[in-house]
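Student: Both chains are sitting in their own frames, so use the hints and assemble them into the complex.
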Amino acid sequence: MLDTIMLVIYLCTIAYLAYLLTVMFIRKSPLMFEKSLIHNLAFYTRLRASRILFMLKVLRTILLKPIVLLPIIALIIFMLISARAAIPAYSWYKVSGEPFNETVVTISFINPISIGEGTDFAETLIEEITKSINVQVRTVMPIARLSLAKPIILNNINRSIYVIVALPDNYIAKLKESLELGMHVPYILSCDKTLRSNCIPPHKLLNLVVIDDVYLLPVQGYIGLKPIFPPPGNVMITSLNYLPKVLGEDLGDEVITDLVIVYDEVIVTDLSKLMKQLLVILSKYGNINKAELVCPLGKFLYSRVAIPTSKSLIVATTTSIISIIVLLAVLHSMTPEIKSLYGKLLLVGMPQWSMTIISSLYVSILILLVGVPTLIYIYLRYGGLPTFNSFLTLSITWLSSLTYMNSSLKPKSLTKSDVYIPITRRYDLMLSNGIDLSRLENVIKDSLKTNEFFTIEELESQRYPNEVVIHARLMYNEVWGSGLDLNIVLSRDEESVKVHISSYVWGIEEISESIMNTMLGLAISRIVGAIRSCLT
Amino acid sequence: MTLEVSSKWHVGVAVGIIVGSLLGFIDTYGYAVTGYTTSELAPIISAILTLALLTLILKRPPTIIEHLISIVAATGISLSTAITSGMYITYTMLNYIGGEDLNLPEWLYFKGAFLNGTTFTFYSYATAVSASGIFLAYVFHKHFIEKERLPYPIGLACSMIVSMGKYLGKPRITLPIILGILLQLSVLQVGYMGIDLTSPLQQVIPGSSIALTLDFFILFLALLIPLNTSVGIGIGNLIMYLVLTPLLTYLGLMYVAPFMKSPDIVLEAAPYTASIMVGFLIVTIIYYFISARMSFILTFKLILKDKALLKRAILSLTLLISLVIPLWILTKPSTKLLAFLPLYFILHIMLALLTIRVVGETGTASQSTLPLATFSLFSLKVRNALTYVLLDPYTGVPMPQFMAGASMNIFKSARKLGLDADIVLPILALSILIGAPLTLIYGHYLLLAYGLNSPKLNLLRWVPVVTWMNIIYRGDVSAFNITSIIIGAVLAFTLILLLRITRLGGISIYSILLGLTLTPDIGVIFLIASLIKYVALRIGFDVYESLLTYSSLMLAGCGIGVIVSTITSLVGVT
Numbered sequence: 049m050l051d052t053i054m055l056v057i058y059l060c061t062i063a064y065l066a067y068l069l070t071v072m073f074i075r076k077s078p079l080m081f082e083k084s085l086i087h088n089l090a091f092y093t094r095l096r097a098s099r100i101l102f103m104l105k106v107l108r109t110i111l112l113k114p115i116v117l118l119p120i121i122a123l124i125i126f127m128l129i130s131a132r133a134a135i136p137a138y139s140w141y142k143v144s145g146e147p148f149n150e151t152v153v154t155i156s157f158i159n160p161i162s163i164g165e166g167t168d169f170a171e172t173l174i175e176e177i178t179k180s181i182n183v184q185v186r187t188v189m190p191i192a193r194l195s196l197a198k199p200i201i202l203n204n205i206n207r208s209i210y211v212i213v214a215l216p217d218n219y220i221a222k223l224k225e226s227l228e229l230g231m232h233v234p235y236i237l238s239c240d241k242t243l244r245s246n247c248i249p250p251h252k253l254l255n256l257v258v259i260d261d262v263y264l265l266p267v268q269g270y271i272g273l274k275p276i277f278p279p280p281g282n283v284m285i286t287s288l289n290y291l292p293k294v295l296g297e298d299l300g301d302e303v304i305t306d307l308v309i310v311y312d313e314v315i316v317t318d319l320s321k322l323m324k325q326l327l328v329i330l331s332k333y334g335n336i337n338k339a340e341l342v343c344p345l346g347k348f349l350y351s352r353v354a355i356p357t358s359k360s361l362i363v364a365t366t367t368s369i370i371s372i373i374v375l376l377a378v379l380h381s382m383t384p385e386i387k388s389l390y391g392k393l394l395l396v397g398m399p400q401w402s403m404t405i406i407s408s409l410y411v412s413i414l415i416l417l418v419g420v421p422t423l424i425y426i427y428l429r430y431g432g433l434p435t436f437n438s439f440l441t442l443s444i445t446w447l448s449s450l451t452y453m454n455s456s457l458k459p460k461s462l463t464k465s466d467v468y469i470p471i472t473r474r475y476d477l478m479l480s481n482g483i484d485l486s487r488l489e490n491v492i493k494d495s496l497k498t499n500e501f502f503t504i505e506e507l508e509s510q511r512y513p514n515e516v517v518i519h520a521r522l523m524y525n526e527v528w529g530s531g532l533d534l535n536i537v538l539s540r541d542e543e544s545v546k547v548h549i550s551s552y553v554w555g556i557e558e559i560s561e562s563i564m565n566t567m568l569g570l571a572i573s574r575i576v577g578a579i580r581s582c583l584t
Numbered sequence: 191m192t193l194e195v196s197s198k199w200h201v202g203v204a205v206g207i208i209v210g211s212l213l214g215f216i217d218t219y220g221y222a223v224t225g226y227t228t229s230e231l232a233p234i235i236s237a238i239l240t241l242a243l244l245t246l247i248l249k250r251p252p253t254i255i256e257h258l259i260s261i262v263a264a265t266g267i268s269l270s271t272a273i274t275s276g277m278y279i280t281y282t283m284l285n286y287i288g289g290e291d292l293n294l295p296e297w298l299y300f301k302g303a304f305l306n307g308t309t310f311t312f313y314s315y316a317t318a319v320s321a322s323g324i325f326l327a328y329v330f331h332k333h334f335i336e337k338e339r340l341p342y343p344i345g346l347a348c349s350m351i352v353s354m355g356k357y358l359g360k361p362r363i364t365l366p367i368i369l370g371i372l373l374q375l376s377v378l379q380v381g382y383m384g385i386d387l388t389s390p391l392q393q394v395i396p397g398s399s400i401a402l403t404l405d406f407f408i409l410f411l412a413l414l415i416p417l418n419t420s421v422g423i424g425i426g427n428l429i430m431y432l433v434l435t436p437l438l439t440y441l442g443l444m445y446v447a448p449f450m451k452s453p454d455i456v457l458e459a460a461p462y463t464a465s466i467m468v469g470f471l472i473v474t475i476i477y478y479f480i481s482a483r484m485s486f487i488l489t490f491k492l493i494l495k496d497k498a499l500l501k502r503a504i505l506s507l508t509l510l511i512s513l514v515i516p517l518w519i520l521t522k523p524s525t526k527l528l529a530f531l532p533l534y535f536i537l538h539i540m541l542a543l544l545t546i547r548v549v550g551e552t553g554t555a556s557q558s559t560l561p562l563a564t565f566s567l568f569s570l571k572v573r574n575a576l577t578y579v580l581l582d583p584y585t586g587v588p589m590p591q592f593m594a595g596a597s598m599n600i601f602k603s604a605r606k607l608g609l610d611a612d613i614v615l616p617i618l619a620l621s622i623l624i625g626a627p628l629t630l631i632y633g634h635y636l637l638l639a640y641g642l643n644s645p646k647l648n649l650l651r652w653v654p655v656v657t658w659m660n661i662i663y664r665g666d667v668s669a670f671n672i673t674s675i676i677i678g679a680v681l682a683f684t685l686i687l688l689l690r691i692t693r694l695g696g697i698s699i700y701s702i703l704l705g706l707t708l709t710p711d712i713g714v715i716f717l718i719a720s721l722i723k724y725v726a727l728r729i730g731f732d733v734y735e736s737l738l739t740y741s742s743l744m745l746a747g748c749g750i751g752v753i754v755s756t757i758t759s760l761v762g763v764t
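Respectively, the protein sequence lines represent chains A and B.
When we follow the working numbering, the leftmost residue of the first sequence carries the number 49, and every step to the right adds one.
When we follow the working numbering, the leftmost residue of the second sequence carries the number 191, and every step to the right adds one.
Rather than coming from a laboratory, the hints here were simulated on the basis of the structure.
Possibly wrong hints are sitting among the right ones.
[Claimed, not checked] Simulated restraints on C-beta separations:
no., chain 1, residue 1, chain 2, residue 2, range
1, A, Leu-416, B, Gly-641, 51 to 61 angstroms
2, A, Leu-507, B, Thr-673, 52 to 62 angstroms
3, A, Ile-53, B, Ile-672, 32 to 42 angstroms
4, B, Thr-673, A, Gly-145, 17 to 27 angstroms
5, A, Gly-391, B, Val-394, 43 to 53 angstroms
6, B, Pro-532, A, Gly-569, 54 to 64 angstroms
Backbone N, C-alpha and C define an ideal beta-carbon position, used for all residues, glycine too.
Looking at chain B on its own, in the form it has when it is part of the complex (with noise of 0.2 angstroms):
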């Protein structure tokens, strides 16, 4: 059976935006006052959101295609706020706190109530730039999602809530919902619930950090993603936490008191886990290329053989190599750099195609594949501010590693459905693009609205991730540590090793790498997650894929559960 254009597909494409837009607003509003981001979770929580407005203004249910396109243009204008409102709060944040002396340039922050035109097409053209990401993402989709046969989580959560459509009015569909948002408001309305083992730690293994935060979110993710991964996950957190933050201390790297608690913990070992995961990722990116040489090389033979597909992989390039641009006029960069600029944009080409690889294991990568970047242009000795802006994903505005891990996650929930990547890229693409300089309003009309003086917009929230990027801009050499990138290298050889020669249960270097990167509190959610899931496949697979579908609508509710929150704290202020 093939299935037509809907007729109604301008329908689909009107409520995303419309859901986009609001996702949006509320996204940039979380993002800047509250510190909660929904926009990695979008495709999960405008499913649910496009579902009930499609249902109300075409009084029946919507059609798969209908209600897919939706999410896709929802999505879309979601996700830009990563690119636009989000650095573009960073930016103000980084100014105001970290001085003047930066020389940031006007455009790119908060400068009173005008908006400047170069701000918004920078903003525009970055976000531009990111979408090559997404390009990138369509040409590599096959080779992830039937070659690599990544489940993609948040890909199949969000195709499962899309085929239990038909049974939202349901108690026992909109009762996990409700329970989800019941769930996330009462962890927002108590604030922290969790138990920190790390002050008594500190006795006993100096450095060493354990806790446990009741975070739903979460939970619900890693009980969707697969078991092998989630144990990776929490196996990771453990070694960096267990084994790496003691040994940093043993080195005498980092300082530790018996007083302190995770978040201080974590916050002291950034420059050296940024450095760990820098070791770690160069060993990694190295053995993934050579360990999937093959199926790349098939891969790279039919994109050559297939028009459509090269087209799209020459826009995506030509979009990344157009930073050349703005880079020669901004910065009048040094001959060394404009040399190693090749390499460096095959590196980003690279850690694109690792990070949709992490994606595709764990749902999100969360930036953990980044500092490479970062570390690449700090080693070429880039002692200026706006070089990082144009040029590293990590820091920067230009993201295309981002959103081409969050596109594969749509195709792969597309292609779950029965929908065409030929028709999502450019709907995706589209509404990345022209919710930018939507998304760009709604950051600085919030910053116009509640001033850098608001109570609301918490300025010593700001100060870690400022002063970090502040360290790195500077070229503080303390911003990476040459030992830590040692450690790292070697702990992801040893671990490969180990892992190919025992085979322990099809645990994967990419979901350990994860779990390098997160908090020690939600590093034992995974471990408790695998737990659940191990037992539930146990009793049954029926039990199992229950646990899953449940999740996923739990997940949705805990999405809408902050986006009520959020919308109930703006009532409050305004």
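The following block holds chain A by itself, in its conformation from the complex (with noise of 0.2 angstroms):
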């Protein structure tokens, strides 16, 4: 019934439309709305290169100068000195405070490592802070938990597993213990329904902890609060021995992806003796992807992440503040020069922001061509964070420079004196009473039809006793999505005629003051002319 009902709106909606668009094709009706220069569309690939390569000559003028080697020389030396006074610190980042009865620190490793290297790594860690801490290591229990880009097909129960998790033999043995299964099965899976002698609920599965908060399976992220878990069908737990019978070829050495560390009872003023220690041991680990501590003071996580310290930031900008001195030294030096110039080229026609992209490009290209390869040296030599260091002299220095220059450069504001008239949006003529209206209002009309810069979106006119109204909306053909509504007024009254032209620039993006000027330039003067041209 109801796949009837569905089919039956899905045809008839399709009959429908074939009926439109067979209807549109036997009338023979134009597709196509009249737009006589749209088929054109103007395409302009042409880069106007003579302004850009304006630019960059008088760049290329003022970067060539010798006093330029002298900020450069600044900067790199003060990049140098502000990534060897970097120091990194790690830290433990508090989760939780909720106690825990015991101790427990899991290690992820960001790429596996061989069971060798996980027990060599566990016994100096272990070494390392009984020096120090009288503390006892309980277990130490190496864990695979690897996610397979290529699953494995277990054809027996038509399963893809693409997620293994694999532990020693003994905890293995405990675990089968605890959940009743049998002791020859080789893995644990997750069924719903079949009830097999190697199966568990799926939300058993997924609540399996290695140690109190500490869960078996690998978390995959988090939604919210909420822990995502891979689905666990297509898990298997097995020993870390049964491994490479279910692996076969596929498995390296490098198994262990976890490694966790149950102490015996630790006292609470131990506890951040501990901490402190196991911060120094985990930073020269290059491998650590994330340690995580459980113990009675709370849940914390190890920043794998070396934040500066307070003194590695005062060194950093301090070195910004002196190379910032020296820089500005030199640009002021060369102010009245590119000031020179400048006066020179605005003479020739540049336009007066073209000086602010030449003076902003000038202190970029100095301090990029500089800093970038010096950042790089230090981050091949010294790592990440003395880069950052680095970074934050070059960035404050950039500011700086960037700003001084801008504000240096900016042009005098126009003053009552200056010649200076702005294109106008609306214009009046007065003309003498022999002209004819229709006459005009054709010329206008012809004038608006023959401007090649624009294309005629709407044209229409009334016509009054003593009165005519035109209005025009013209697309601009050099940029798209931009144009002019234009109203035209004529007007005869006893003595003369009056024309009253106002206009409104529209563009679907955000126009400039350029080419606002240069519509209503275009499209306003082409209409002066052509009534000046009808009066002569």
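Tutor: Below, the structure is given as structure tokens:
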């Protein structure tokens, strides 16, 4: 019943659309509306190279000065000082204050390590800690939590395994015992309905923990505060010894992804020492992705991200200030020359804003050409944190120089004495009375139609006894989605004919002042010119 | 000059169907296996593919009408993948991973080699309901294109490529396309390329995230979008990941660890960002319809006077309301839900109009407007999956809003090139409807060919999506968060006030809305694109125009790059 209803609705919609389409084509109604020039959309792919080349030439002139070497050398030196002063600091990040009965450290590695390496690492860690603190380790458990890009297909139960969690034999034996599974079972899966000797319900599998808050399954992420686990149906839990049989040739030596270290009872005063000691050891070892400590003080995460100490930040700021002073001194000495060049360029018609672009490019190129290679060198030579410090120096120097250059070269504001005539949006003409309004209307319409810079979208006029109103919407051919609306009123009184032109520039994009002025100039001057030619 | 029907329009339709069938398959395969989909960019990609095929068949460059008709037909088939194969695969994964106690009907997902008849009729019917969005877009196309003067960047890019068709053989056109293909292929080959500052930031501002991924698709799209919109998207994104997620962390709603990367923050914040969007949308939608009420009143008057428009509006409503029939038969809805349905359908239409508005500025709304519909059903205590499947455009099958937004890009493109929307409407809607069974078959046979045990079908990738849907369908109280909804509403209200008072360079609330939903690595790309556009605009409009032109071509190249990569992957597997 429902199938039929849905099918009928679907077919009826198709039939209606087919009908619409047929009618459209049978009638041979015009498919395209009138838009005379739109098919020849102006296609300008030429860059107006002259303006860019012009700016680049000016830039080259001011960049190739020997004095520029001074800030270059200063910047390199201060960036290096800043880098050398960087001292990293690692820390524990408190996740919750809820106390735990046991003290457990779980360490996750970025790249899996071999069982031997895991044991060595654990031994070193224990040895280093026991040197200064009196704590005893109860258990060290290596775990392999492997997410497979290529799943294993278990043909006997038609299932693909994406995640394998492998544990030491003794732990697996305890786990099987607690889950009441047969001891001969090589691996544990989850099953919904089929009762097998190696199956447990999905929710049980998801809730398995190594100890207290440490889940057995890898956490894929969190949605809100809920951890996301892989689908239990695609997970296998097995022993580390059985792993070669499961993975076969795909198994490398490096399988251990996590190491769980359980301590005997640790007194609270020793805990802070233990945390500090752990930080020192972990920071020496680069392959740590995540380390988690649960203890009577709460739950902590080891932050692998080294942050600069306040001392190194002070050095970075100081070096920035000194390099700014050197750079500004050089820039200041060059300002009169650049200003004089600027004055000459204005005379040959370069717009004011291009000087801002030139000065910004000047400072940015100078700093980037020096700064980026130095930063790369520092990164390769000293690592991430020193690079951060140098980057700080570079950024502060760049921002200050940019602000100084742009403000010192800013043109003076125009005063009353300057002769500056902005292009008008309104234009009024007073003509002698002898001219015929309809002739004037035709002349204006012709001038609009023949204006090659615009495409007419709308052109309409209304005649009254002593007045003609013309409205036009013009699309500017050189910029997509821009144009202007023109309203032209021609009115006759006893003595004269008045022409009033008003315009409104619009664009789907923001329009710069220069484009707006160009459009206004091109539209209004053509109309005024046409009217004048009509008078002569 | 008025052009009559082209004598070769049928060639255009045939080529459109061929290209659309290919694109539909690639979209389906990409979605199922590699995670890439190009259906929203189909107008741009099909513009290049149809042009090549038409030139080959006609032995001359196609006329604008031939070219456009083929693009419309191809895009229609490609768009249907979002409704049919896309959702078919999603529900198959939901059933597989989410567990059978969700009680999804068997005809909704892949269940063995035989494609159920009900599956066919349901997905075809759902596509017809989604097509109501196209009718709605047609009814309002003049309102949005002419009155609101929205640019519809994807439509604009498509029209640019069509108008440049005759230059296709020339190096200045071919080179950017090839460069786009190479850039996209290199990104796909190398994998993740970017900087993620999220981990170090956790020490300074817990819960914040900043990243930058080299995504050429987004970069070229951002270059096509108007400057203010691009800035708005960037600002929205910064607000989300530098202000809101730290605030959520401060309030104890989120748990952050120092080693977290930006995807971890995005995933963890998902229920809260959806809730923030709900609050934000409630205020924005009210603001939009109040501020544009006069022009909407005029449009409604026009619709009432124009019989053709009225007919299509009624058809659109009828298709939407027809959802009551399967809802009644399949779920026996409560009286409360039935009483609410008229309001819910009005909300559907309002969301469709808001989506068209957002797409108008940004090119794609990326489902940013739809959480409000999900929240409405959730707050009505709808706790069965099938009701969401039928009524929710966010997690369900019929998506009139998606179709409305995507089709408006086509209307804009056609209008820019002078083709009447009357002819675009039936071709687009027909190709979507005819494409629906075809793309459903693609989805079914891909699942049949690969099965759920294929190494290509990475189940772990689906876990977050499915977990999120599971939480909603089961009515878990953590699906939406009241505090976050209030934060979203306050933010929208503040921003609207701020934007109105300061008139910040014409930045609109709708671009900020989209920015809030994007991942942190993408938001920064929009800010970089804004800077490039600003400099280009200052240098000169000729440079600016060239930037737009080359961005369109390179965007098309990137789309073709994804297709090439998908085909290579397919050949490698089979």
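Student: Look at each hint and say if it fits the structure.
Tutor: Going through the hints against the structure:
1. Between Leu-416(A) and Gly-641(B), the C-beta spacing of about 53 angstroms keeps the proposed range 51 to 61 angstroms intact.
2. Judged by the Cβ atoms, the range 52 to 62 angstroms given for Leu-507(A) and Thr-673(B) holds: they are separated by roughly 57 angstroms.
3. Taken as a hint, the range 32 to 42 angstroms holds for the pair Ile-53(A) and Ile-672(B), whose Cβ atoms sit roughly 39 angstroms apart.
4. A hinted range of 17 to 27 angstroms for the beta carbons of Thr-673(B) and Gly-145(A) is consistent with their spacing of about 22 angstroms.
5. The beta-carbon spacing between Gly-391(A) and Val-394(B), approximately 46 angstroms, falls within the hinted interval of 43 to 53 angstroms.
6. Take Pro-532(B) and Gly-569(A): their Cβ atoms lie about 56 angstroms apart, and the range 54 to 64 angstroms holds.
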